[in-house]
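Trainee: Sequence:
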Amino acid sequence: MYAILPDHEPLTWAELPDLPAPGPGQVRLSVVASAVNRADLVQREGAYPPPPGASRVLGLECSGFVQDVGPGVTGWREGDPACALLAGGGYASQVLCPASHLLPVPAGLSVQDAAALPEVWATAWLNLLDEGDLRAGERVLLHAGASGVGTAAIQLCRQRGARAWVVVGREQKVAACVALGAEGGSVRHDGAWVEDVRRWAPEGVDLVLDPVGGGTIPAELPLLATGGRIVLIGLMGGRVAELDLGRLLVKRIRLSGSVLRSRSDAEKARIVDGLRREVWPGLEGGALRPVIAARYPIAQVELAHRLVAVDGTVGKVVLNLR
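Numbering-wise (my numbering), the sequence shown opens with residue 1 and increments by one.
Take these hints with a grain of salt, some might be off.
Label-pair restraints from in silico Cβ distances [as the list claims (entries may be wrong)]:
1. Pro20 with Arg135: 42 to 52 Å
2. Arg270 with Ala175: 31 to 41 Å
3. Asp196 with Gly72: 46 to 56 Å
Hints were generated in silico from the structure; no laboratory data involved. Cβ atoms here follow ideal geometry from the backbone N, Cα and C, with glycine treated the same way.
Make the full structure from the sequences, and use the hints.
Mentor: In structure tokens:
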């Protein structure tokens with residue numbers, strides 16, 4: 001097999017021993033494509049190691065064809081097209097994962113483009129609907145609204161009858177987010193996003209999806225309605241913040257942290273089942289869609305990482321292995 005390892009600079013497509021045959025409950029995929037997540041860049045810097053037992057190869061999602069199945073696996077057979085939610089290993093020509101973390105390639109999508117689905121749609125579904133308890137009619141603030149997770153979250157808000165406002169890095173990204181269903185957006189560097197949100201939702205925001213942390217959360221607290229929720233999913237802006245706990249108390253605000261990668265196999269299986277039940281029909285019918293900013297051959301992974309690093313995308317960057 002071939003794979004991209006995080007500890008080779010520059011990143012190189014290198015030959016490695018083949019993976020073993022799948023064990024009980026596992027499937028081995030022949031990988032066609034993977035996709036870049038910001039977590040890949042952080043892992044490459046040494047700040048986000050894979051969970052114990054996970055592959056140290058980069059890549060949190062992939063798509064391809066079932067190569068073989070382990071004992072006890074039902075519902076999958078050799079040659080089936082599939083995409084997979086991974087704890088690591090996606091930048092490789094072969095992947096082993098629990099069969100319960102596999103999803104079918106939605107009708108109407110190519111196997112390559114299905115690589116852009118598992119990580120961001122799982123993150124959006126988990127943190128909006130499961131952790132965030134999103135309801136119809138609620139007002140949602142989405143930071144990094146033009147990211148892969150952001151573009152998926154906008155569409156889930158629209159599907160659920162919720163209203164979304166985005167904060168993005170560049171002006172041209174606002175229009176792209178509005179086209180997906182956001183009601184409007186702000187450029188975070190302009191410094192006016194707090195006032196923009198206050199005008200948009202004068203009665204307060206019900207839910208915030210925040211991958212930034214740091215100084216952003218104190219600015220969000222005054223914007224929240226009574227009973228509002230903040231789901232923290234990243235620390236791009238730092239891990240330390242000073243909070244007005246009185247505001248949390250009086251307004252009954254709930255602040256929760258959420259990660260996906262380190263969850264147990266059973267938890268991930270539950271999330272994948274939720275995607276299959278509540279998101280995949282929308283992807284099959286065309287009401288939901290992956291937003292893909294660029295496609296690169298795996299040999300140009302360095303270019304793909306640079307594009308994500310400079311915040312130059314709306315949606316996902318796909319890495320094609322074939």
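Trainee: Evaluate each hint against the coordinates.
Mentor: Hint check results:
1. For the pair proline 20 and arginine 135, the supplied restraint of 42 to 52 Å holds, since their beta-carbon distance comes to about 46 Å.
2. Restraint check, arginine 270 to alanine 175: a C-beta distance of roughly 36 Å satisfies the suggested window 31 to 41 Å.
3. The hinted range of 46 to 56 Å is satisfied by aspartate 196 and glycine 72, whose Cβ atoms lie roughly 53 Å apart.
The structure meets every hint from the earlier list without exception.
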